[in-house]
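Residue numbers (the numbering used here), protein chains in the order written: chain X, 1 to 202; chain P, 1 to 249; chain S, 1 to 95.
What the hints contain is simulated information worked out from the structure, not anything from laboratory work.
Treat the hints with care, since some could be wrong.
Residues on chain S that point at chain P, a partial pick, calculated with CB under 10 Å [to be verified]:
(1) Gly16
(2) Asn17
(3) Ala33
(4) Leu47
(5) Ala48
(6) Glu49
(7) Leu54
(8) Thr92
Remember, predicted model here, so these are calculated numbers, not experimental data.
Built from N, CA and C at the ideal position, the CB exists for glycine as well.
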Amino acid sequence: MSPISRGFHGRRREAAGDAGRVPPGQYLTDDFPVLSAGPTPHTPLEKWTFSIRQGGDTSKSWSWAEIRDLPEEDVTADIHCVTRWSKLDTRWQAVSIDTLLAQVEHQARYVLAFCDGGYTTNLPLGDVTGGQAWLAYGYDGSPLQPEHGGPARLLVPHLYFWKSAKWVRGLELLDVDEPGFWERYGYNNYGDPWREQRYAGD
Amino acid sequence: MAGTAVRGRLTWQVATVESLRPETASVRTIDLAVPGWAGHQAGQHLDIRLTADDGYVAERSYSIASAPGEPVMVTVERLEDGEVSPYLTEELRAGDEIEVRGPIGGYFVWDGNEAEPPVLLVAGGSGVVPFRSILRHRAAIGSAVPFRLLYSARSLPDVIYRAELDHPGDGVEVIYTLTRQQPSGWTGHSGRVTPALLGEAAWPVSRRPLAFVCGPTAFVETVAAALVDFGYPPERIKTERYGGTGATG
Amino acid sequence: MTAFDETQLSDRTLDGNAIGGQLREVFGTEMTAAVGTCASCGATAQLAETLVYLNAMGTVVRCRTCTAILLVVIKRGEVNCVDLQGLSALTTEAG
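Extracted from the complex, chain X is given alone in its bound form (with noise of 0.2 Å):
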C-alpha cells in the first residue's frame, strides 16, 4: 500500500459526481489529454482520401472535397479514455459512419479502422452503424488538429476513446473480426466502458 503524499493533488480532477453519466472507475476532467503512440502524421488534405475495403478491394473512396460536402452533424458527447479520464459534452462535426457506409455493398459483420502512422482499431458493424458512430474532422468548432487526430478521426463515443481512432483513413470490412493495434497489446477487443472493460478478459 503506498503511502499518501502529503499535499499532492495531480491533475485537477473531480471524482464523479454524475453518477449517471462517469462510467466506473473514471474522473472527470477539463483537459483534453494527448497520447501518442507514434509520430503525428501530416497528409495533405489535397492527398488525403478516406476509403472503405473489403476483400483486398477499395469499395469506396472519397477525397477531402468530397467528405466535406456530405451531410455535417454536429455531435455532442461524453468521452471516456481507458487512463480513466472522461470529458463530458465535447463537441465535434462529423459526417456520421452510416452516410459512408450507406455507399457501399456490403455483409461484414466487423470493421478495422485503419489510419496514417498505422494504428488500426477494431469495432463490430453494429456498433459503428446507428447513428453511433462518426468521422470527426472538427473539434469545438475549430478544425481537428494534429494532436487530436486530424484532419480526421472516427468518433465512437460510446466505447472508450482508444475506439475513436486517430488519423483515420479508412474501414476494412471483414467477415472475421481483427484485432487492432491496442487490442492485440492487451486492451479489451470491445471496450465498453460501463462495464470496465478496459484490458482482455476483463
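We have chain X; now place chains P and S onto it with these hints.
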C-alpha cells in the same frame, strides 16, 4: 565499484525529505534520506512516485545531482503545465515522505574509467543536473580527464549550481550561453547553442572525445546532430532527452 | 483548410532513458545500454537511444531510424505485458 546495483528487481521504497533549497526562481534541490540506498553511478536517475488521497498516482524520473557516495540529491525544475514538478518545487516539505525507485540507468553514466579521452558535456536548462554528479565524481576520484561543460540557460539567474560551476576545478572549463537575457557588461556567449558555438566548445575529433548531451528533446536533437556533423562518431555521443515543455512535469 | 505546421518528431518524445525503471521491472536488470536490432530495418541501437512514446495506455518504443515499433509495454495492475516482436535481437553485455 561500490553500489552499482544494476542487477535485481528494483522496488519502490519510502524516502524522507531531509532538506530543500532553491537553486533558482523555478528550480529546487531536494535532499533525500533513502534507507538502504545501494549507491549510484554519476549520471543515473531515480523515479519518484506520488499518490493522492483518492489513489491517483503520478510518476516521474529525475537525474541524481549528487556524486556517487554522497547522499541522494535531486534537482527539480518547476514546469508551467506540470503535474508533479509544482508539487516538488513548492509544496514538498522537510519530513515528507515520497516513494522512490533507483538508481536507474546504465547508459548515461560516466565512471571515470577511460583515462584519456576528453569529455564534452552539453546541457540545456535543467539538463545540467546529471552533469553536476559527473563533475563532482570526477573531482572525488582525482581524475585528470579534461572536461568542458557547455551550458545553455535562459539567463544568469537561471543558471543552476552557479556558485559551484563558477569554480569548477582544475581541468574543467565551463562555458555558459544565455539565450534570453544577459546581464549588462556580459562578455560571455548569448543566444542558443549554434554549430559555431559548439565548434568552439567541442573537443577536436582527433582527441576521440566522449560527449554527453542532456536537456529538452529539441535541444538534444540539434546538438547531437551538430556533433555528428563535426565528425563525432554517434557511439561517442550519449543523449538524454527530457521531453518538451509540459511533456513530463 | 489550415495547413498545420508541426515538426515531424514532436518535442514531447523521449528516449529509452525515460523508461529505465520500467525496463528494470520487465527484465530484472539494467537495460538502457542493451543493444536492440530493429526487425523492420535492421538498425541497431542502445535502448536508451530509441524513440519512446510514454503515456498512460502503454509505453511504445520505436526505432529512431525507421519509426517501426520495437517493443510495447502495457501495465495491467502489477503485471507488465510486453511485446518484443519488433526486435530481432536484444543483447546485453555479459557480467
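Now for the hints, and whether the structure bears them out:
Hint on glycine 16(S) holds. Least Cβ distance to chain P is approximately 8 Å, under the 10 Å limit. Annotation: interface hint on asparagine 17(S) holds; nearest CB of chain P at approximately 5 Å, less than 10 Å. Of the supplied interface hints, the one on alanine 33(S) holds, with its beta-carbon coming within about 4 Å of a beta-carbon of chain P, less than 10 Å. For leucine 47(S), the interface hint holds, since its Cβ comes within 10 Å of a Cβ in chain P; the closest pair sits about 8 Å apart.
A cut of 10 Å between beta carbons decides the hint on alanine 48(S): the least distance to chain P is about 4 Å, and the hint holds. Annotation: interface hint on glutamate 49(S) holds; nearest CB of chain P at approximately 7 Å, less than 10 Å. Interface hint status for leucine 54(S): upheld, as the beta-carbon distance to the closest one in chain P is roughly 8 Å, under 10 Å. With 10 Å as the threshold, the beta carbon of threonine 92(S) comes within range of chain P, its nearest partner Cβ sitting at about 9 Å, so the hint holds.
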